[in-house]
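Using the sequences and the hints, build the whole thing.
Chains as they are written, first to last, in numbering that gives the first Met the number 0: chain F, 0 to 92; chain L, 0 to 166.
Hints were generated in silico from the structure; no laboratory data involved. Check before you lean on any hint, since a few could be wrong.
Between beta-carbon pairs, the in silico distance windows are [said to hold, decoys possible]:
hint, chain 1, residue 1, chain 2, residue 2, range
1, L, 165, F, 30, 53 to 63 Å
2, F, 78, L, 5, 17 to 27 Å
3, F, 37, L, 49, 22 to 32 Å
4, L, 37, F, 30, 25 to 35 Å
5, L, 101, F, 49, 46 to 56 Å
6, L, 39, F, 10, 55 to 65 Å
Quick reminder that beta carbons are idealized off the backbone N, C-alpha and C, glycines included.
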Amino acid sequence: MDWQGQKLAEQLMQIMLLAFAVIAFGSGYVMASFQMMILIYAGGVVFTTLLTVPNWPFFNRHPLIWLDPSEAEKHPKPQPSANVTHKKKSVKK
Amino acid sequence: MHSVGYRANALLTFAVTILALMCGMASLSDNFNSPSPSAHVQVLNINWFQKQPNANDEVSMTLNISADLQSLFTWNTKQVFVFLAAEYETPKHSLNQISLWDGIIPSKEHAKFWIHTSNKYRFIDQGSNLRGKEYNLTIHWHVMPKTGKMFADKIVMPGFRLPEEYR
Numbered sequence: 000m001d002w003q004g005q006k007l008a009e010q011l012m013q014i015m016l017l018a019f020a021v022i023a024f025g026s027g028y029v030m031a032s033f034q035m036m037i038l039i040y041a042g043g044v045v046f047t048t049l050l051t052v053p054n055w056p057f058f059n060r061h062p063l064i065w066l067d068p069s070e071a072e073k074h075p076k077p078q079p080s081a082n083v084t085h086k087k088k089s090v091k092k
Numbered sequence: 000m001h002s003v004g005y006r007a008n009a010l011l012t013f014a015v016t017i018l019a020l021m022c023g024m025a026s027l028s029d030n031f032n033s034p035s036p037s038a039h040v041q042v043l044n045i046n047w048f049q050k051q052p053n054a055n056d057e058v059s060m061t062l063n064i065s066a067d068l069q070s071l072f073t074w075n076t077k078q079v080f081v082f083l084a085a086e087y088e089t090p091k092h093s094l095n096q097i098s099l100w101d102g103i104i105p106s107k108e109h110a111k112f113w114i115h116t117s118n119k120y121r122f123i124d125q126g127s128n129l130r131g132k133e134y135n136l137t138i139h140w141h142v143m144p145k146t147g148k149m150f151a152d153k154i155v156m157p158g159f160r161l162p163e164e165y166r
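Given below as structure tokens:
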């Protein structure tokens, strides 16, 4: 799961659980049935688990793009000691 | 949120936290219910009334209890415990309570009832104070919710009197 996917999974989880809680409490209160509230909420938790816990493909739409190893070799990290000597020579000239 | 385990853990903790909140709200919603229960008790007969060898007074009576406790039930009520107590004053104690009958009401359908019974528990005074004693019959009830706070209340029915003589 990539970074965007992790953010999406967490937000989905929180919003869906809260939404199911509101629906469950509302319908339980209206139907005067505590059992109905528990059943709806349990169903919501199971559904949210199935949607946000496994690593679904749609959580991997923003893969990190790393530099190619060969590309890195073409632009080597400049050596600090070599740089310093160059500068000193140029100043003397 | 980087692995299945972390996501499952986060989901479970959040889900249980919300469940606790929902239970709390269910308990709070009981406060919107303003019950109007009614109860009526008749003493049909004093079966016998005697002094035990150890000088305690004991009465046996036939009771007719009718009550409508349906309004106590809300969506968050598991059951209601009801008991009928005889309450009277003696020189030694300002309040004596003796449970004569009790019952558990499991649902709203059973909350309007009518029962004809002799006292389920023995009506014994610790002493011999019962002759001609004036007493109250009180219906007490405890509402046991599925989650949250318990409620208790009572209806006092005054003006009962025991006979002057043993029989």
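Range hint compliance [Cβ, residue 37 of chain L to residue 30 of chain F, 25 to 35 Å]
holds, 27 Å
Between the beta carbons of residue 78 of chain F and residue 5 of chain L, is the distance compatible with 17 to 27 Å?
Violated, at about 42 Å.
Does the beta carbon distance between residue 37 of chain F and residue 49 of chain L stay inside 22 to 32 Å, or does it fall outside?
violated, 54 Å
Given the hint of 55 to 65 Å, check if residue 39 of chain L and residue 10 of chain F actually sit that far apart at their C-beta atoms.
The hint (55 to 65 Å, Cβ to Cβ) holds, given that residue 39 of chain L and residue 10 of chain F are roughly 59 Å apart.
Note whether the CB distance of residue 165 of chain L and residue 30 of chain F lies within 53 to 63 Å or breaks it.
Holds, since residue 165 of chain L and residue 30 of chain F (Cβ atoms, about 57 Å apart) stay within the stated range.
Whether the CB-CB distance between residue 101 of chain L and residue 49 of chain F falls inside 46 to 56 Å
holds, 48 Å
Checked against the numbered hints given earlier, this structure breaks hints 2, 3; the rest are met.
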